[in-house]
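Protein chains in written order, with my numbering: chain A, 2 to 345; chain B, 2 to 345; chain C, 2 to 345; chain D, 2 to 345.
Calculated from the structure, these hints are not laboratory results.
One should not assume that every hint holds.
Since the list gives no way to pick out one identical chain from another, each pair is judged satisfied if it fits inside one copy or across any two copies.
To be verified - Heads up, simulated DSSO-like pairs for lysine-lysine below, C-alpha to C-alpha not over 30 Å straight-line:
(1) 251 <-> 110
(2) 92 <-> 271
(3) 110 <-> 124
(4) 251 <-> 52
(5) 243 <-> 110
Protein chains: 4
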Amino acid sequence: MTTISIIGGSGYGGGELLRLLLAHPHVEVKQVTSRSRMSEYAYQTHPNLRKRTQLKFSDPAALEPVDILFLAQPHGQAQHHIDEYAKLAPKIIDLAADFRLRDAEMYEKWYGEKHAAPEWLSKFVYGLPELHRAEIAAANYVSGVGCNATASNLALLPLVKADLIDLSAPVIIEIKVGSSEGGAEGNSGSLHAERANVIRTFSAFGHRHTAEVIQEMGVKDISLTMTAVDLVRGVLATAHAKVKQGVVIKDLWKAYRAAANENPFVRVVKEQRGIYRVPEPKILAGSNYADLGFELDESSGHIVSMCAIDNLMKGASGSAVQCMNLMMGWEETVGLEFAGLHPI
Amino acid sequence: MTTISIIGGSGYGGGELLRLLLAHPHVEVKQVTSRSRMSEYAYQTHPNLRKRTQLKFSDPAALEPVDILFLAQPHGQAQHHIDEYAKLAPKIIDLAADFRLRDAEMYEKWYGEKHAAPEWLSKFVYGLPELHRAEIAAANYVSGVGCNATASNLALLPLVKADLIDLSAPVIIEIKVGSSEGGAEGNSGSLHAERANVIRTFSAFGHRHTAEVIQEMGVKDISLTMTAVDLVRGVLATAHAKVKQGVVIKDLWKAYRAAANENPFVRVVKEQRGIYRVPEPKILAGSNYADLGFELDESSGHIVSMCAIDNLMKGASGSAVQCMNLMMGWEETVGLEFAGLHPI
Amino acid sequence: MTTISIIGGSGYGGGELLRLLLAHPHVEVKQVTSRSRMSEYAYQTHPNLRKRTQLKFSDPAALEPVDILFLAQPHGQAQHHIDEYAKLAPKIIDLAADFRLRDAEMYEKWYGEKHAAPEWLSKFVYGLPELHRAEIAAANYVSGVGCNATASNLALLPLVKADLIDLSAPVIIEIKVGSSEGGAEGNSGSLHAERANVIRTFSAFGHRHTAEVIQEMGVKDISLTMTAVDLVRGVLATAHAKVKQGVVIKDLWKAYRAAANENPFVRVVKEQRGIYRVPEPKILAGSNYADLGFELDESSGHIVSMCAIDNLMKGASGSAVQCMNLMMGWEETVGLEFAGLHPI
Amino acid sequence: MTTISIIGGSGYGGGELLRLLLAHPHVEVKQVTSRSRMSEYAYQTHPNLRKRTQLKFSDPAALEPVDILFLAQPHGQAQHHIDEYAKLAPKIIDLAADFRLRDAEMYEKWYGEKHAAPEWLSKFVYGLPELHRAEIAAANYVSGVGCNATASNLALLPLVKADLIDLSAPVIIEIKVGSSEGGAEGNSGSLHAERANVIRTFSAFGHRHTAEVIQEMGVKDISLTMTAVDLVRGVLATAHAKVKQGVVIKDLWKAYRAAANENPFVRVVKEQRGIYRVPEPKILAGSNYADLGFELDESSGHIVSMCAIDNLMKGASGSAVQCMNLMMGWEETVGLEFAGLHPI
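Using the sequences plus the hints, can you model the full thing?
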């Protein structure tokens with residue numbers, strides 16, 4: 002069995018990772034750390050894991066060497082400790098934002114501070130298999146992905162890959178998100194009485210995940226507008242762009258179908274009847290799928306491309322496990338087979 | 002105009018009170034205090050009041066005399082300051098639990114501490130007009146009501162008043178509540194991602210509001226079981242009791258109709274068709290109504306009596322304003338006319 | 002007292018209208034019709050009206066003359082009966098889409114059928130007071146407004162009125178809506194188990210309300226993208242546009258403040274702190290306010306303008322009552338004073 | 002591979018069953034029928050199954066022989082066709098209520114009609130493994146379980162098995178349920194705008210599932226009170242009973258722990274700290290666990306016993322698959338390993 006440990010297991014991303022790894026047939030979880038809940042059972046924090054594991058949260062200072070180390074800490078910590086972590090395991094998969102950007106200046110621009118370990122940036126591969134499958138398979142260090150960035154990147158992927166949109170024109174991505182994005186700590190606006198029933202545009206411009214879309218998609222003029230809605234898990238990215246002159250719906254179908262064929266976790270949802278005609282995060286809770294859809298206004302060339310994901314799965318822990326599978330040469334989908342629920 | 006001030010205006014009860022009093026035709030709000038948000042506009046905390054008032058939260062130490070003082074602080078504060086407050090206003094209406102119980106020993110039993118001003122307990126009238134209309138009209142000091150106690154007391158009122166149930170038999174009241182009961186501060190379990198979608202029985206026995214039901218209804222063997230559900234505003238109390246030998250449905254109809262006839266804010270909801278056949282807090286948000294319903298199993302004598310209210314209105318600020326109207330000799334319903342919304 | 006009747010009172014718009022008119026100090030409701038629920042009490046359909054009215058739904062064929070007739074039927078009916086209706090009342094206010102567009106060809110284009118009474122189109126004034134206050138005051142026939150069109154038009158109003166945006170550039174409006182927009186009939190996708198927790202982009206282009214934005218705002222290149230979210234009442238329109246060269250934030254503040262100063266039901270919400278920094282439909286349930294906000298990316302000229310409303314109030318029945326007030330020379334805000342609730 | 006077919010695959014129970022069986026390592030799904038959606042892809046109705054199966058709904062008249070036949074039709078159909086079904090497969094598992102009761106008179110009393118195949122009642126075993134593991138393992142015909150009955154039976158199981166409660170005293174079970182219990186067809190009250198935010202006691206007495214609790218637990222005086230709350234999946238049963246003289250908390254712990262030890266899908270949730278101290282259906286979506294908890298008022302002997310389940314899993318399809326595993330001699334938990342999600 003491949004041994005793994007998780008640093009930072011009390012947050013939502015860490016909990017989801019622990020759930021996936023406990024059920025994964027090829028790995029054994031050795032340790033999961035939490036400074037604030039040390040010595041408590043993991044299932045007290047993640048109640049779905051009751052009767053699944055007797056693991057207790059351990060001291061991050063007492064980590065033992067493993068085959069793979071997962072980092073699931075809040076952003077900004079891993080870059081200060083990456084040298085020590087690298088001594089503990091030959092392979093590291095980070096879920097935070099510390100090593101997502103390849104360029105230290107870009108990091109400084111979007112995160113408002115100098116990167117603490119810029120020499121490590123080039124050692125990490127951006128951890129979205131749909132963009133970097135081969136590099137991930139060959140990598141020892143893989144970064145996490147931003148959940149909103151993932152929904153945006155995958156909404157754009159078929160269009161960019163098939164060269165169907167004009168990347169010099171503005172791309173506007175409207176993102177609607179559930180409350181689990183806010184993390185297990187929350188803030189005053191996360192209180193149920195304030196957060197329930199909201200349609201709250203908490204960020205019109207400047208969301209940090211924008212940097213990952215610029216880096217990965219090569220778009221110059223892009224904005225992510227973030228709106229919180231009443232849901233716990235899920236993200237829907239609705240990307241508005243212009244197709245190139247002459248692009249018709251048939252071209253789009255071809256590009257989207259190719260994305261679905263090349264990627265086990267990508268599906269195209271574009272039905273003419275029934276309730277579920279478009280991508281919808283509602284049915285993706287716990288699944289690793291990214292559901293894509295599109296509509297084209299042929300008269301204007303305005304395309305609306307949609308991507309729905311579970312922010313804690315494809316947008317975080319699910320993609321991290323998928324990367325692990327690639328890095329280890331295992332079947333890409335192993336441990337990620339849950340189909341999602343309907344209704345829910 | 003009658004002048005009023007509110008001590009403790011940043012919580013949910015204080016905010017609701019402020020909304021009602023700003024729209025009340027006979028009063029003028031002079032001051033509303035908040036230690037933590039001093040000098041901020043009230044509408045920054047209670048965004049529904051934007052363009053309704055330019056009042057800023059003021060220092061509780063700088064209160065000026067008024068005709069009526071409302072106390073909307075967290076429980077346990079008013080009893081320490083009641084002597085000073087009494088110098089500021091001839092009439093006081095408290096929303097907290099400080100002066101609800103008439104008996105200092107009962108207070109100590111249910112609240113786990115000695116009362117700080119036991120000599121004041123007999124000066125206050127329990128502030129539920131449906132139980133004490135005449136005394137409230139003659140009182141200078143009126144207490145608040147517990148929201149769960151109010152739903153329970155009103156569910157039992159027709160039965161107790163018409164002497165239809167056996168009060169020596171156990172009475173079990175199952176109460177389902179929304180998240181606003183938890184207050185504007187909340188706790189880790191109030192985070193949207195944890196509190197959404199719950200059916201969480203957070204207290205099986207021993208809820209403090211039980212004491213108010215014992216005191217007001219004269220029941221000996223009673224328990225309130227509290228379950229949090231996914232809703233912001235609203236309480237439903239479902240009371241299970243035994244009717245006396247020989248009581249039939251006609252007797253119940255008579256008792257419930259009497260309650261509705263005698264009380265402007267009591268309605269009976271018991272329909273044979275349509276969607277809304279039973280009392281339901283959903284449609285009561287913002288309204289001061291208490292909706293009552295019942296079902297009787299004639300073979301066993303088991304009665305299920307229901308009461309739905311908005312916990313912040315009939316269960317707190319609405320009843321307080323209703324008391325004010327009675328104390329001042331105004332129409333009982335003035336300022337409380339909002340019908341509630343459908344759908345919502 | 003001014004007498005009024007409502008044709009079509011069993012839907013959500015009709016129910017909301019009935020609630021408002023029953024509480025309005027200057028009118029008396031004579032009849033409210035419903036073919037499917039004839040002779041049933043109105044409160045059986047609209048349970049919030051219990052104890053407020055003993056009106057029963059009456060036969061639309063048995064309408065008597067009144068001062069003002071409100072039409073709250075499903076779209077497409079009023080245009081077939083407008084001649085008869087005009088004989089029943091000197092003033093008519095329609096809530097449906099039948100008389101919103103001034104141009105019969107535009108009607109045909111967007112509604113896919115010829116208008117049945119094109120000669121009436123020019124007799125109606127578009128019923129949004131913020132756009133046509135003076136004309137409405139002088140009119141006998143006033144149309145309804147689309148809820149999504151209203152949120153869009155008011156999001157654009159300060160920008161268009163102050164000539165701050167480039168109307169030849171594309172305007173993209175992302176609209177998030179609650180379930181009450183779907184009406185009291187619903188469809189298979191409206192079932193709670195399917196509709197709860199959704200982020201469902203049910204229309205990327207071509208929503209009929211687009212025509213009202215084109216007509217009223219003079220925009221040429223515009224699209225409304227509609228996304229259903231988990232909420233019952235409320236709409237948020239997020240409009241993406243380009244400001245003209247040189248426009249800075251100060252210009253925007255001036256334009257938005259002017260809109261708020263000129264219109265009693267318009268507010269600007271743009272705070273630096275607290276939970277409610279942006280317009281949010283959550284707190285508008287039952288209120289007639291339109292809350293506006295904006296963010297400008299000065300480097301690109303990209304403006305995000307937001308408008309939040311209650312679709313059944315400002316987006317339908319509230320605006321209709323506001324129009325009535327103007328037509329009758331009453332205070333514009335009478336009967337529309339409810340502030341909305343917090344929390345909810 | 003063991004071959005199976007499902008009759009009635011377009012409902013929620015049938016969809017969940019299909020999801021489970023497609024992922025089950027020991028079976029192959031041959032056919033799934035739906036009269037109303039014949040020839041449509043199953044994933045068009047159950048969108049979570051997209052990319053999981055290309056099965057189309059087939060004609061129930063064209064069923065071919067299989068090893069196991071699952072019946073997932075609306076109640077009342079299977080009893081009319083059971084003879085034909087028995088010719089198609091040696092083993093039958095029914096999800097509906099047709100064969101749950103052993104006594105034809107009891108069936109008639111609770112279902113208001115004569116049973117169409119009373120001779121079959123004794124051939125079926127009641128399909129709750131926690132009650133009838135050995136008989137199920139030996140059976141060819143296994144009935145479904147009512148979701149509310151399952152939550153009730155499991156709440157009472159530790160108490161009845163250890164003989165801790167007085168079954169001659171009344172047992173009151175308050176059940177709170179999500180909207181998926183209403184089925185995929187729904188009614189006017191299932192519309193999102195009417196069903197969201199509800200606390201709706203739609204049945205105080207007489208729910209049909211009561212009969213299963215009487216039959217399985219041997220209680221005489223029992224009532225199930227049903228309250229709909231805002232949730233899609235999940236049931237919480239809160240059972241109020243009297244413990245026998247002298248029973249203390251230690252006895253209860255012993256009984257509940259035994260239930261958890263003897264049953265792989267039973268857990269005891271009774272924590273002193275953290276957010277999840279009690280059983281809660283929220284975290285059980287998609288899982289087959291039944292979470293049990295209790296509180297005892299030692300002074301009165303009043304016990305509150307709780308059971309939380311996912312109504313579509315442990316309360317329907319999950320238990321059915323668990324029965325299949327037992328009937329076939331497979332590991333009881335195979336195909337039912339999903340742990341559930343947190344947060345959700």
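Here is what the structure says about each hint:
In this assembly of identical chains, residue 251 and residue 110 lie within 30 Å of each other by CA distance solely across copies; the values are 26 Å between and 40 Å within a copy. With identical chains, the CA atoms of residue 92 and residue 271 are never at most 30 Å apart, being 39 Å at best within one copy and 39 Å at best between copies. When the C-alpha separation of residue 110 and residue 124 is checked against a cutoff of 30 Å, the pair qualifies only within one copy, where the shortest distance is 20 Å, while the shortest distance between copies is 57 Å. Proximity of residue 251 to residue 52 under the C-alpha cut-off of 30 Å is restricted to the inter-copy arrangement: shortest distance 21 Å between copies versus 51 Å within a copy.
For the homomeric pair residue 243 and residue 110, the shortest alpha-carbon distances inside one copy (27 Å) and between copies (24 Å) are both at most 30 Å.
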